[in-house]
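Visitor: Chains as they are written, first to last, in the working numbering: chain W, 1 to 693; chain F, 1 to 693.
Keep in mind the hints are simulated off the structure, nothing from the lab. Mixed in with the good hints there might be a few duds.
Because identical chains cannot be distinguished in the list, a pair is counted as satisfied if it fits within a single copy or across any two copies.
Below, in silico cross-link-like pairs of lysine-lysine (DSS-like), each with a Cα-Cα straight-line distance of 30 Å or less [as the list claims (entries may be wrong)]:
(1) K104 x K339
(2) K22 x K419
(3) K458 x K419
(4) K633 x K299
(5) K651 x K458
(6) K224 x K104
(7) K22 x K339
(8) K563 x K611
(9) K580 x K611
(10) K224 x K428
(11) K419 x K10
(12) K32 x K564
(13) K299 x K372
(14) K633 x K611
(15) K565 x K407
2 protein chains.
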Amino acid sequence: MNNSLDALFKPRSVALIGASQKELSIGNVIIKNLLHYRFNGPVYPINPKVEEIRGLKSYPSILEVPGEVDLAHIVIPPPLVPEEVENCGKKGVKAIIINTAGFKEMGDEGQALEDDFLARARKYGIRVVGPNCQGIINSDPAINAYCNFTFTYPEPGHISVVAQSGGVGAVIMQAFYDMGIGQRMYASNGNGSDVSITEFISYYGDDDETRAIVLYAESLENPKEFIAAARKVTARKPILAITAGRTEKGAEASRSHIGGIAGSISMDLIYQKAGILTFTSQEDLCHAAVALSTQPIPKGNRVGIITNTGGPSVIAIDELDSCGLVIPPLSKKAEKILKTTMLASASVRNPLDVVATAGPAHFKSALEVMMKEPLFDSIYINFVTPPFVDCENVAREIAAAAKAGNKPIVCNYMTDKQKWGATSKILKDGEVPCFDFAETAARALHSLVRYNNIRTAKRGSIKKFTGVSRNAAGKILRNAREEGRDVLTASEVYTILEIYGIPVAPWKIAGDANGAVDAANAIGYPVVIKADAEAIIHKSDVGGVAVNIKDATEAAMAVETMKKKLGAEINFFVQKFLPKGKELFIGAVASSGVGHIIGFGLGGIFVEVLKDVVYCITPVSDTEAAGMIGSVKAAALINGFRGEPGINREKTAEIIRRISMLVTDFPAIRELDLNPLFAIGDEICVVDARIIV
Amino acid sequence: MNNSLDALFKPRSVALIGASQKELSIGNVIIKNLLHYRFNGPVYPINPKVEEIRGLKSYPSILEVPGEVDLAHIVIPPPLVPEEVENCGKKGVKAIIINTAGFKEMGDEGQALEDDFLARARKYGIRVVGPNCQGIINSDPAINAYCNFTFTYPEPGHISVVAQSGGVGAVIMQAFYDMGIGQRMYASNGNGSDVSITEFISYYGDDDETRAIVLYAESLENPKEFIAAARKVTARKPILAITAGRTEKGAEASRSHIGGIAGSISMDLIYQKAGILTFTSQEDLCHAAVALSTQPIPKGNRVGIITNTGGPSVIAIDELDSCGLVIPPLSKKAEKILKTTMLASASVRNPLDVVATAGPAHFKSALEVMMKEPLFDSIYINFVTPPFVDCENVAREIAAAAKAGNKPIVCNYMTDKQKWGATSKILKDGEVPCFDFAETAARALHSLVRYNNIRTAKRGSIKKFTGVSRNAAGKILRNAREEGRDVLTASEVYTILEIYGIPVAPWKIAGDANGAVDAANAIGYPVVIKADAEAIIHKSDVGGVAVNIKDATEAAMAVETMKKKLGAEINFFVQKFLPKGKELFIGAVASSGVGHIIGFGLGGIFVEVLKDVVYCITPVSDTEAAGMIGSVKAAALINGFRGEPGINREKTAEIIRRISMLVTDFPAIRELDLNPLFAIGDEICVVDARIIV
């Protein structure tokens with residue numbers, strides 16, 4: 001399948017339909033870019049009105065181009081596009097980049113044009129990038145394809161970029177360029193009518209020269225497909241993404257609070273599920289990509305620090321520690337060696353302060369010892385270039401260590417890069433990832449550890465719990481739908497939960513006071529009695545709940561009172577009234593394109609006031625469920641407090657996974673809330689629940 | 001006082017004692033720097049062994065220099081320093097920079113040398129920077145003093161830097177240089193034996209050309225003096241500081257949890273008290289300094305956005321929103337104008353997407369409307385340089401708006417700065433703060449708003465509450481100390497609290513069972529009875545507490561049981577047993593150099609597990625106390641939850657201020673904990689308390 005993108009990224013020839021002699025026009029800039037970047041094949045400007053553009057012969061039509069055309073840009077007005085796509089088909093063009101804007105983003109008329117050209121492209125088997133897009137770049141020296149109207153000419157490298165927004169793509173490309181970092185391939189596909197973000201990711205995943213993939217997307221056409229494809233890639237190489245729209249206030253109104261909370265963070269959850277490293281800062285992302293595309297992945301989070309200046313070391317440790325990395329002490333053996341090789345004023349510990357006057361021999365020994373030290377998984381270096389030190393040879397030692405070693409190195413390189421040009425070049429040629437600030441170097445190192453965690457994390461197993469009668473649950477849901485009900489009755493909800501093996505407080509249904517008394521007697525007092533009708537969602541607001549009922553008299557009275565208030569035609573849900581336990585919350589909400597999102601939190605204030613809920617896209621594996629429980633901010637409370645026992649994590653995780661199975665079995669469930677569950681001693685039990693279909 | 005620093009920053013002549021012909025030596029580099037930076041006065045190398053250094057005549061001794069010497073560097077070995085300081089005194093030198101290391105940082109011998117040269121310097125009224133330091137820079141074209149061995153030659157500008165760590169100072173200086181931003185003065189004073197960080201801050205504060213001050217300090221000699229001086233400066237111009245050591249795990253062991261928590265964050269608290277903007281990232285700090293030294297301070301947090309690209313606008317909004325800035329809709333009036341002046345494809349709202357093809361006229365109108373729009377306090381611009389747009393004239397419009405307007409502008413300027421050199425120069429000359437990334441531009445804008453908040457915040461008043469008998473409280477504390485007790489008895493603690501007008505649950509002291517019964521009868525049941533002895537800190541662990549005592553029999557029995565367990569020689573503290581209210585925590589811990597640190601949090605899990613406590617250095621004003629209450633992460637709970645009433649903020653703030661007064665009156669109080677206080681209805685009452693002297 002990916003081969004169809006070869007014509008896009010490895011075209012043997014490129015035509016530009018809508019080429020122009022006007023310098024400040026896209027139809028001219030793309031020709032300029034192809035020539036400037038030395039595209040390794042013929043470029044055919046198409047414009048019936050002129051003879052030549054930038055020294056190239058212009059053709060009146062794509063059909064009159066003498067040779068084969070692999071790739072065509074289209075930059076003419078929207079109404080003319082479908083016919084030119086048709087002509088491309090006739091010519092045998094294999095891929096088209098439609099830079100022109102004014103299609104589906106402009107409404108129905110544009111959508112019709114987009115449908116039209118797409119149908120024609122499909123007829124001829126042409127792949128389309130865009131419309132409303134920049135295009136692609138391939139820096140492979142055998143290709144040199146700059147099919148794009150941007151202004152940054154990347155050197156060859158190992159980072160490939162795909163960005164829905166050309167603006168962000170251009171910023172990231174320029175950032176790498178400014179850092180002197182090469183790039184491999186680039187794509188910005190705008191409306192994404194045909195070739196999708198997912199396809200680009202897979203294509204980069206299969207490209208041996210791509211070591212790290214950078215992604216910017218604000219939405220995904222088919223998140224499930226994306227997750228599946230991206231997971232394959234992230235097992236082999238890192239994908240780094242900006243989480244866009246992270247603060248967007250829930251655009252879709254939702255009747256349930258979880259919907260409101262989860263909606264705006266679903267891109268983040270998609271990335272998490274796919275094993276993608278997420279960033280809120282483009283700059284941090286670029287730095288991480290530099291480290292990930294040059295350095296081996298560390299086996300753990302233990303860092304050895306070499307520094308020739310004091311303050312930046314404090315800042316580095318602050319940042320490393322904040323990121324959860326550890327700075328273990330030197331081993332006795334390492335300390336012994338370094339005491340003989342370092343200057344007298346050096347501080348032999350971790351961080352190892354070699355002091356500003358340290359020369360190449362001191363750095364060499366420091367690097368040798370740190371690289372061999374089994375207590376460290378990676379090496380962080382602060383290297384300021386003192387005017388009284390042979391910095392070029394220090395740089396040679398660092399580059400040699402990076403090249404030889406099997407541990408990653410990052411370097412906070414503090415200098416004037418012009419004045420120390422030779423030193424800078426040695427580090428660059430040695431592929432030593434260098435950063436201007438201690439904190440940015442530390443964060444880049446952290447991204448290496450994050451990727452190690454992703455790559456080595458057990459994705460866990462999705463359990464199909466046995467003893468569950470899916471048919472029985474399905475019948476209840478179908479029945480509700482057939483009766484035109486969105487909100488399930490309590491008896492329906494609890495029956496479904498019991499079918500799926502989720503522990504609930506004992507309950508019975510009664511039609512009247514006598515029935516309620518019988519039910520309460522059977523369950524044992526105290527009980528809670530609730531009016532059980534679909535229309536009564538906020539039962540306590542309308543007097544539809546009576547709690548802590550201690551005997552038959554109270555039970556009968558409660559039912560009679562509710563009947564009077566709410567009408568005779570309702571049932572009563574009688575349930576064991578449990579002593580207040582530690583509250584938990586588990587919920588699920590259907591999310592377009594991904595199945596469901598499961599939420600977990602401690603109940604009460606933690607969910608409702610402090611919004612301390614973690615989410616995961618279904619299906620939730622055992623390791624994911626355990627991770628959710630450990631990820632709430634108030635996780636420390638789960639272990640118990642002031643001598644009280646904690647909450648049983650295994651049982652909690654199992655309920656999360658059973659809920660995941662339930663909603664996966666029934667995509668029709670729009671919302672499900674277990675709120676609260678009570679953890680009492682070692683047991684966990686649903687006390688209130690709701691299902692909306 | 002500051003005049004004594006004029007000789008340092010505005011020397012008419014500089015000598016270098018220890019000058020050297022060796023190129024890779026500090027004694028040579030400083031000469032090179034002075035010459036390269038075109039120091040506006042004579043430079044005198046002092047070295048008895050050579051005739052000339054870098055073309056300058058070398059003198060055998062400072063005493064033989066023909067002219068006057070305002071400033072001398074000393075770079076000779078430590079044992080020789082005192083005598084040379086003496087010679088400087090004889091020569092009439094006014095300021096000395098001692099670059100040499102090997103003084104108090106190396107132990108007693110070094111300290112003795114430091115004491116020696118300091119005594120001689122003081123005898124002659126010489127100010128000393130260092131030892132173990134870089135020195136100073138003054139970029140004033142009338143001075144051009146580069147008395148420093150670093151390698152960055154700043155252009156004149158309006159940002160002044162003082163850094164305890166020369167490494168961090170050098171990084172920050174280079175960062176401004178790389179951004180093309182000028183600097184005013186620079187100082188790194190190492191051991192800080194004489195001229196202090198505080199003096200530099202005050203000196204920069206009085207310098208009219210300094211518009212923003214950058215600070216890096218890991219510790220402060222006299223924090224109280226620093227706070228007083230810095231507050232004066234921050235009322236007029238911003239000080240920006242890196243919070244170093246922010247993750248340091250409490251180095252000093254502390255018996256009380258508040259000490260442990262507060263110790264590591266005290267630099268942050270000092271900065272907060274002084275109205276200093278704090279940063280954890282050097283890069284963010286540099287960006288903020290650029291914005292603060294070029295732009296007016298906004299009057300509020302409402303941002304108007306102009307963008308010519310989509311994705312970066314999403315990232316900007318994410319960051320602005322995360323920082324608490326708001327992006328209000330355009331007014332109808334603004335919308336009406338822009339609908340006539342923008343391109344058809346533009347999106348006329350806030351953010352205003354002028355689209356990539358927008359030219360100078362579109363930007364001009366957008367800027368005019370946004371600058372006039374009363375709904376916006378500041379303007380954020382995304383400006384990518386499309387190859388098909390007249391970007392130079394767009395830049396001219398932005399620069400003109402920045403120059404004319406009374407609202408600040410920040411610009412995410414996305415380009416290749418070499419290729420768009422002319423455009424970049426127009427923005428630079430217009431003092432438009434430009435940043436490479438949307439998120440960094442947004443954070444720089446946020447720093448402007450943060451400084452506005454600091455500058456306009458009422459610092460509040462420190463109330464001296466009346467009706468407090470300081471003498472009575474002092475007598476109790478003196479008595480405990482005379483008896484050699486660290487931990488005050490409950491009766492002492494509650495008496496002191498009552499003296500200071502802090503509401504406590506009613507209590508009495510009893511010597512035996514009968515007394516306890518009488519006390520309980522007087523107070524009213526239920527009561528709690530506690531063994532009241534200094535040695536019994538963790539009373540409940542040793543059976544020294546009996547709660548919820550409902551009648552005389554229970555009271556008598558409780559006392560007898562405790563007597564048996566704990567011995568006869570103790571008193572009993574009888575107190576009203578209150579129903580469990582909402583828990584609060586207020587504590588104070590003495591902190592070296594600053595007085596006390598007051599902590600506030602919701603009690604129980606919020607303090608003990610979630611560590612959700614905010615701190616403030618004494619004395620705490622009314623606005624500071626209110627700010628503390630609003631700053632805990634769980635602040636939303638203070639307003640009440642699930643229909644329950646909230647906690648009375650005024651009464652809570654008053655208790656914080658009364659505690660502040662108490663510990664300020666008695667510096668001998670090392671720790672004070674009110675843990676918990678109960679908020680019951682509108683009342684707040686201390687339920688357990690502890691004081692350690």
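Visitor: If a hint holds in the structure, say so; if it does not, say that too.
Guide: Verification of the hints:
In this homomeric assembly, K104 and K339 come within 30 Å of each other (Cα to Cα) only across copies, at 22 Å, whereas the closest approach inside a single copy is 69 Å. Only between protomers do K22 and K419 lie at most 30 Å apart by alpha-carbon distance; the minimum there is 19 Å, versus 41 Å within a single protomer. In this homomeric assembly, K458 and K419 never come within 30 Å of each other (Cα to Cα): the closest approach is 48 Å inside a single copy and 48 Å across copies. In the homo-oligomer, the alpha carbons of K633 and K299 lie at most 30 Å apart inside one protomer (27 Å), although the nearest pairing across protomers, at 35 Å, exceeds that limit.
In this assembly of identical chains, K651 and K458 lie within 30 Å of each other by CA distance solely inside one copy; the values are 20 Å within and 52 Å between copies. When the C-alpha separation of K224 and K104 is checked against a cutoff of 30 Å, the pair qualifies only within one copy, where the shortest distance is 23 Å, while the shortest distance between copies is 64 Å. Taking the shortest alpha-carbon separations for K22 and K339, only the inter-copy value of 28 Å comes in at or below 30 Å, while the best intra-copy value is 69 Å. Proximity of K563 and K611 under a CA criterion of 30 Å is satisfied in neither setting, with 37 Å inside one chain copy and 49 Å between copies.
In this assembly of identical chains, K580 and K611 lie within 30 Å of each other by CA distance both inside one copy and across copies; the values are 21 Å within and 25 Å between. Proximity of K224 to K428 under the C-alpha cut-off of 30 Å is found in neither arrangement, the shortest distances being 39 Å within a copy and 47 Å between copies. Taking the closest pair of Cα atoms, K419 and K10 come within 30 Å of each other only across two copies (28 Å); inside a single copy the shortest separation is 40 Å, beyond that limit. Taking identical chains as interchangeable, the C-alpha atoms of K32 and K564 are never at most 30 Å apart, the minima being 82 Å within one chain and 97 Å between chains.
Only within a single protomer do K299 and K372 lie at most 30 Å apart by alpha-carbon distance; the minimum there is 14 Å, versus 57 Å between protomers. For the identical chains of this complex, K633 and K611 are neighbours both inside a copy (10 Å) and across copies (11 Å), given an alpha-carbon limit of 30 Å. In this assembly of identical chains, K565 and K407 lie within 30 Å of each other by CA distance neither inside one copy nor across copies; the values are 73 Å within and 60 Å between.
Going through the hint list in order, the structure does not satisfy hints 3, 8, 10, 12, 15.
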